[in-house]
Amino acid sequence: MSEIAIHVEGLGKRYRVGERERYYALRDVLTRAFLAPFRRSQRRPKDYLWALRDVSFDIRQGEVVGLIGRNGAGKTTLLKLLSRITRPTVGFAEVHGRVGSLIEVGTGFHPELTGRENVYLSGAILGMKKNDIQNRFDEIVAFAEVERFIDTPLKHFSTGMQMRLAFAVAAHLEPEIMLVDEVLAVGDLQFQKKCLGKMEDVSQSGRTIIFVSHQMNQIRRLCERAIWVDGGRRRLDGPAKEVVNDYEAASLRMERNEIEQMPGSVAFRRWLIEHTQSNRLDLDDIPGKVVVKFQAVVKTEIPKGILVVSLRSDENAILWSAMYPDLQMKPGPLELNVSFANLPLNPGVYFWEIRVHDGHQWFDHMQVPEFSVVAKTDTDVYGYLKGALNLDVSFDLLDQTEYKLERS
Amino acid sequence: MSVTAETPLLAKPPVFRITPPSRWWVLPFSELWDSRELLYFFVWRDIKIRYKQTAIGAAWAVLQPLLTMLIFSLFFGRLAHIPSEGMPYPIFYYSALLPWTYFAGALQGATNTIVDNQRVITKVYFPRLILPASSVLSGLVDFGISFVMFLVLLLYYGIRPTVAVLWLPAFLLMAVLTALGVGLWLSALNAIYRDVRYVLPFLVQFWMFASPVVYPSSLVPTKWRWLYGLNPMAGVIEGFRWSLTGRGGPRGPLLLASVGVVIGVLLSGVAYFQKMETTVVDVV
Chain P
2 MSEIAIHVEG
12 LGKRYRVGER
22 ERYYALRDVL
32 TRAFLAPFRR
42 SQRRPKDYLW
52 ALRDVSFDIR
62 QGEVVGLIGR
72 NGAGKTTLLK
82 LLSRITRPTV
92 GFAEVHGRVG
102 SLIEVGTGFH
112 PELTGRENVY
122 LSGAILGMKK
132 NDIQNRFDEI
142 VAFAEVERFI
152 DTPLKHFSTG
162 MQMRLAFAVA
172 AHLEPEIMLV
182 DEVLAVGDLQ
192 FQKKCLGKME
202 DVSQSGRTII
212 FVSHQMNQIR
222 RLCERAIWVD
232 GGRRRLDGPA
242 KEVVNDYEAA
252 SLRMERNEIE
262 QMPGSVAFRR
272 WLIEHTQSNR
282 LDLDDIPGKV
292 VVKFQAVVKT
302 EIPKGILVVS
312 LRSDENAILW
322 SAMYPDLQMK
332 PGPLELNVSF
342 ANLPLNPGVY
352 FWEIRVHDGH
362 QWFDHMQVPE
372 FSVVAKTDTD
382 VYGYLKGALN
392 LDVSFDLLDQ
402 TEYKLERS
Chain R
792 MSVTAETPLL
802 AKPPVFRITP
812 PSRWWVLPFS
822 ELWDSRELLY
832 FFVWRDIKIR
842 YKQTAIGAAW
852 AVLQPLLTML
862 IFSLFFGRLA
872 HIPSEGMPYP
882 IFYYSALLPW
892 TYFAGALQGA
902 TNTIVDNQRV
912 ITKVYFPRLI
922 LPASSVLSGL
932 VDFGISFVMF
942 LVLLLYYGIR
952 PTVAVLWLPA
962 FLLMAVLTAL
972 GVGLWLSALN
982 AIYRDVRYVL
992 PFLVQFWMFA
1002 SPVVYPSSLV
1012 PTKWRWLYGL
1022 NPMAGVIEGF
1032 RWSLTGRGGP
1042 RGPLLLASVG
1052 VVIGVLLSGV
1062 AYFQKMETTV
1072 VDVV
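These protein sequence lines map, in sequence, to chains P and R.
Take 2 as the starting number for the first sequence in our numbering and just add one per residue.
Take 792 as the starting number for the second sequence in our numbering and just add one per residue.
Looking at chain R on its own, in the form it has when it is part of the complex (with noise of 0.2 Å):
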């Protein structure tokens, strides 16, 4: 049945007040907590949009990670023979291309979602928070087709996870939560300066080679360890190895300074963001 009867108008209405920019920033959680359904409704849309118009359509979550892996195990295993902890090469790689793929994916997402949803952002309010934050949620869709991919590859070499698989989630948080962070900087500043758009494509393979996608952390000199874990996705991929196969072990002071460049970068992303909220219509 459908509801033609006009609904009556709540006797206290909210009231909102509209004013100029404040110096100080406040995250204005009812608001999005109000919000979660179009939240919902984006990353929605972004999956529902992703692979339309494709031949093979999801295929390409699994087969992009799936080829880079085998492009690595050839190049940088067989050939160069880059040391691997003692994992088959394939596993090496394709553990590491997990969180890297997803993490690649969502920055590069988050970072031109609010200036691909100008339109929309110029004709109606909502928290924009929502934007950056449903393309790093939607990426998550790839993440865990490919996930099968991996558990296949698994079977294939006879790896038993061990009980470390239950840190898996906190890492996978980390990748989402640096991504967020990251990816609010970028979009704010993409709005403004087109210039990261381009920067982006270079700033993602600098990024891939300081972690440790390619190579093992262990060939970090070990004094150098607490900087190089300044680099939250080296925790993260570390973390992933060692989740999934019980092999290689977190280190720990590098996962502790990861962790705390993950809250530092999400904090002053969120800040920064709100910041630009404000402004960013006029300039967009």
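Next comes chain P alone, as it looks inside the complex (with noise of 0.2 Å):
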């Protein structure tokens, strides 16, 4: 048996509520400190909040984890806490070996310095040693495919140019264990299978790696073994392919009190393809017409509405959208079919967003979980003109006697 990497015991973060997302003047704290001799017992528990509480376990040298959970549940919280970025409110983690966090991607980028300098930085803000760097420059600029420009300041790089340099800076890190944080959502499908595949090798390296997605597909394929955070705490951990089955299931049936809480009239809460009743759709069986089901509950009546279905790549780019008018909702469950005479998309993620106008005002449903589009021969031109649309098209080249003829 290979060694322990990381032994987690009694973890928890406790945050006071808003403690985050604000900073207090010096007015707050004086008028605190004025009043406190007045409230001191008034102080209740549930002004805090526990971020992550009680969470244990122990990985393995070379384990590839998936940690999975709905926002807020405290993936990122545990990862920030085995980073050192955070410290933890109780209990305690043991790290065997040089931690490298891939939180964000362009940590430490500055738009004035040229890429060049960037790549050095950004390397040695995320732990790399200069030589280190030096080493693997020339790898770092071709696996992020911007040699041309790399003497240029980055302000002046395209967006999607930024984020391959940033991955490539952070792929090449080399700690005994990483932490990972919903990075490979960057750039164009094609960076993308790109940056997976250099995971893989990662990871079949010998590495530890702890690897934070929303994409399960990706957990699928990368990782063994993966832990569900649920409110804070570890609700379930085992085999991959498991635990995120479970946790699709369970987040395809949603509480009762939660889709109280949805908030807008309506609360959309499932939806699947009929023809293979999942959120998945495979091109090599595709059946022409495809059914696509969504399933609400309304809560309150809607007399005259509209209703609007999106279709979103995973740049959240609008790929088709059509609106329907008059929306007339009566309260109960209720089902919506949307259908496609053919849904003629290229293999990706892409995700469905409803919104719906009550008469009053817009609510907005992004659609979990994403929808997969797969197929065995993916057909690809040359990588980089791959598009989110799979047409049907033929070609007819004219010959240039007759193009000539024509013009004079």
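It cannot be assumed that every hint is accurate.
[Claimed, not checked] In silico SDA-like links for lysine to any residue, alpha-carbon gap of 20 Å or less:
id : chain 1 : residue 1 : chain 2 : residue 2
1  : P       : Lys300    : P       : Met367
2  : P       : Lys294    : P       : Asn280
3  : P       : Lys130    : R       : Pro918
4  : R       : Lys839    : P       : Ile151
5  : R       : Lys843    : P       : Asn280
6  : P       : Lys131    : R       : Lys839
7  : R       : Lys839    : P       : Tyr121
8  : P       : Lys131    : R       : Val911
9  : P       : Lys156    : R       : Val911
10 : P       : Lys294    : P       : Pro345
11 : P       : Lys156    : R       : Arg910
12 : P       : Lys130    : R       : Lys843
13 : P       : Lys300    : P       : Glu336
14 : P       : Lys294    : P       : Lys195
15 : P       : Lys156    : R       : Ile840
16 : P       : Lys130    : R       : Leu823
17 : P       : Lys195    : P       : Asn218
18 : P       : Lys130    : R       : Tyr831
19 : R       : Lys843    : P       : Tyr121
20 : P       : Lys199    : P       : Glu225
21 : P       : Lys131    : R       : Trp835
22 : P       : Lys130    : R       : Tyr916
23 : P       : Lys130    : R       : Val834
24 : P       : Lys130    : R       : Ser826
25 : R       : Lys839    : P       : Pro345
26 : P       : Lys130    : R       : Ser821
[As the list claims (entries may be wrong)] Ranges of calculated distance between the beta carbons of each label pair, as one might list FRET restraints:
id : chain 1 : residue 1 : chain 2 : residue 2 : range
27 : R       : Ser821    : P       : Ile5      : 18 to 26 Å
28 : P       : Gly388    : R       : Tyr842    : 42 to 50 Å
29 : P       : Asp48     : R       : Leu858    : 48 to 56 Å
30 : R       : Pro812    : P       : Ala251    : 29 to 37 Å
31 : R       : Tyr842    : P       : Met367    : 29 to 37 Å
32 : R       : Phe866    : P       : Arg149    : 51 to 59 Å
33 : R       : Pro805    : P       : Gly232    : 28 to 36 Å
34 : R       : Trp851    : P       : Val91     : 46 to 54 Å
35 : P       : Gly239    : R       : Arg910    : 32 to 40 Å
Think of the hints as simulated: they come from the structure by calculation, not from any bench.
No experiment lies behind these values; they were computed from the predicted model shown.
C-beta atoms are modelled at their ideal positions from N, C-alpha and C, and glycine is treated no differently.
Hey, can you piece these two chains together into the complex? The hints should help.
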């Protein structure tokens, strides 16, 4: 059995409510200090929020562990504790080895510095030695595909180029333990695939990795084990496939009180492709016609509203959108079927979004989980020129002689 | 040649223990030493970006003290006839503005450094002490540039430095440590109370008049001089004047008091900063 890389015992982090969002003005502190004698006894436990509580686990060397859970479940807090960015309130953790944390791409990038200078700066901030950066510099630049611009100030880079460079630096860190937070969601699909490949290489090199992602396919593909964090506690821990399946099942059946808490007069709680009864569309047995079922609960009657369904790319660009005016809904369960004659998409990750106007205001419903389109044969056109659409096309080359005749 | 083969993992990797903040602070010397390269990179970044997209660039490092010196010489010297211990006014004022401009700039940089770098410190760990330290060090480049200007002034007025000039590095070190000590306090406070940002300009202005920048400290009555010396910048500025021109002479009690205060401020600053370091990420 390999040795322990991370040992976590009873770890907890408590924030004062609102503490993370605001900073204090001296006035507030003076007021509080002045009023303190009068209300010390009134300090209620609900002024505090446990972002993480009573979490214990062991991770062995070379394990690749996925950390899943909803927003605010405590995943990022856990990563921040393990990478020593913030300190725990109770409990402790022992980390055997140097930790590289990748909580944000482009940490420490400065727009006025050139690409080259930023590679050195960001590398140093992430914990690389100058010699390491020098040795791997060409590799980093080649990976980011920005050779031609490396001596231009970063502010002239496109966002995509900045992201690629940032990831490339981070991907060439070589600590014993790597903490990765959601950074694979960068760049275009092609680059994401490259990043994923790089992460696979890294995970096979014997490094210990903790990996946070909302894209369950990535967790399935990269991790052998997954830890599901819910409400600051460890809810499930085991083989990645099982934990992810349970997690997906649970996020589909939302609790009743959660529906009550959702804003708006109508709560869209799940969606699936009718043909496959899942959130995946396999293009190899594409049925031509695709029916997407959205299930909702109407909380209050909408006499006259508007409904808009949109399909977004993983970069949040709207790929398609349609409006349903004159919406009339009575309280109770509801099913909305959206039928497409065909859905010509390239393999990738997409999102459904539903916006409802209930007569007073708009409500957004970003649909979880994501919509993944897969295919055995992934038709790439030299990688770069890949779009979202996968349309049937035919080319006709006109004979040049005819062309010339037409012009004269 | 680039190394593509995976470097073998260390046989015995270092072990970090992550625990709640303790009530006692320990200065992590080995960690700070390991981060010296990062300190260098932060200093290098500060210097690189300081005069980016300015028309005259590093000339500002000379212009700022030079113009202030001209104004002081005109108003405090020619019009108000403040005594200058026998030095020409430009020399008298520029020799004080050298350390003072450095100090004021370094203090301002150090105070804002935690807030300015909040994106970085909430995303990655390194000893936070490096940030104020790098602002204080990067100011030395400007100091160097304006120092060259001072040598030109000395030449022009035909003043030849005496052996006292050997003391200059000691006084410079004192200015650096004062800026660092106070900067540590203010940067930690600024992370929690943004009021510090607004208080700082007044503090710097007030501090300048509490230091012998526009007047010689000989104007201060002798019996109060030890109290005056509690302001470490008083010792620094008197020291600069003396070591650069050989005139004026350092005053023992004043200097001793200054050194003592610098050490006190620095130690308490490091202690307070270390204490804040553990929680600053949660509130910044």
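Tested hints:
1. P:Lys300 to P:Met367: holds, 18 Å
2. P:Lys294 to P:Asn280: Answer holds: Lys294 (chain P) to Asn280 (chain P) is near 10 Å, not above 20 Å.
3. P:Lys130 to R:Pro918: Given that 20 Å is the threshold and the Cα spacing comes to 15 Å, the pair holds.
4. R:Lys839 to P:Ile151: holds, 17 Å
5. R:Lys843 to P:Asn280: violated, 50 Å
6. P:Lys131 to R:Lys839: This hinted pair holds, its Cα atoms lying about 18 Å apart.
7. R:Lys839 to P:Tyr121: Holds, at roughly 13 Å.
8. P:Lys131 to R:Val911: Satisfied, since the Cα-Cα distance of roughly 19 Å is no more than 20 Å.
9. P:Lys156 to R:Val911: holds, 18 Å
10. P:Lys294 to P:Pro345: Distance of about 18 Å is within 20 Å: holds.
11. P:Lys156 to R:Arg910: Cα-Cα ~18 Å, so holds.
12. P:Lys130 to R:Lys843: The hint is violated at about 26 Å.
13. P:Lys300 to P:Glu336: holds, 14 Å
14. P:Lys294 to P:Lys195: violated, 33 Å
15. P:Lys156 to R:Ile840: Given pair Lys156 (chain P), Ile840 (chain R) holds - Cα atoms ~13 Å apart, limit 20 Å.
16. P:Lys130 to R:Leu823: holds, 14 Å
17. P:Lys195 to P:Asn218: Within the cut-off at roughly 15 Å; holds.
18. P:Lys130 to R:Tyr831: holds, 11 Å
19. R:Lys843 to P:Tyr121: holds, 18 Å
20. P:Lys199 to P:Glu225: holds, 17 Å
21. P:Lys131 to R:Trp835: holds, 13 Å
22. P:Lys130 to R:Tyr916: The given pair, whose Cα atoms are some 15 Å apart, holds under the 20 Å limit.
23. P:Lys130 to R:Val834: This hinted pair holds, its Cα atoms lying about 16 Å apart.
24. P:Lys130 to R:Ser826: holds, 9 Å
25. R:Lys839 to P:Pro345: The hint is violated at about 50 Å.
26. P:Lys130 to R:Ser821: holds, 16 Å
27. R:Ser821 to P:Ile5: 18 to 26 Å: holds, 23 Å
28. P:Gly388 to R:Tyr842: 42 to 50 Å: holds, 44 Å
29. P:Asp48 to R:Leu858: 48 to 56 Å: holds, 53 Å
30. R:Pro812 to P:Ala251: 29 to 37 Å: Holds, since Pro812 (chain R) and Ala251 (chain P) (Cβ atoms, about 35 Å apart) stay within the stated range.
31. R:Tyr842 to P:Met367: 29 to 37 Å: violated, 45 Å
32. R:Phe866 to P:Arg149: 51 to 59 Å: Check passed, 55 Å falls within 51 to 59 Å.
33. R:Pro805 to P:Gly232: 28 to 36 Å: Given about 33 Å between the Cβ atoms, the range holds.
34. R:Trp851 to P:Val91: 46 to 54 Å: About 51 Å separates the Cβ atoms of Trp851 (chain R) and Val91 (chain P), which means 46 to 54 Å holds.
35. P:Gly239 to R:Arg910: 32 to 40 Å: holds, 36 Å
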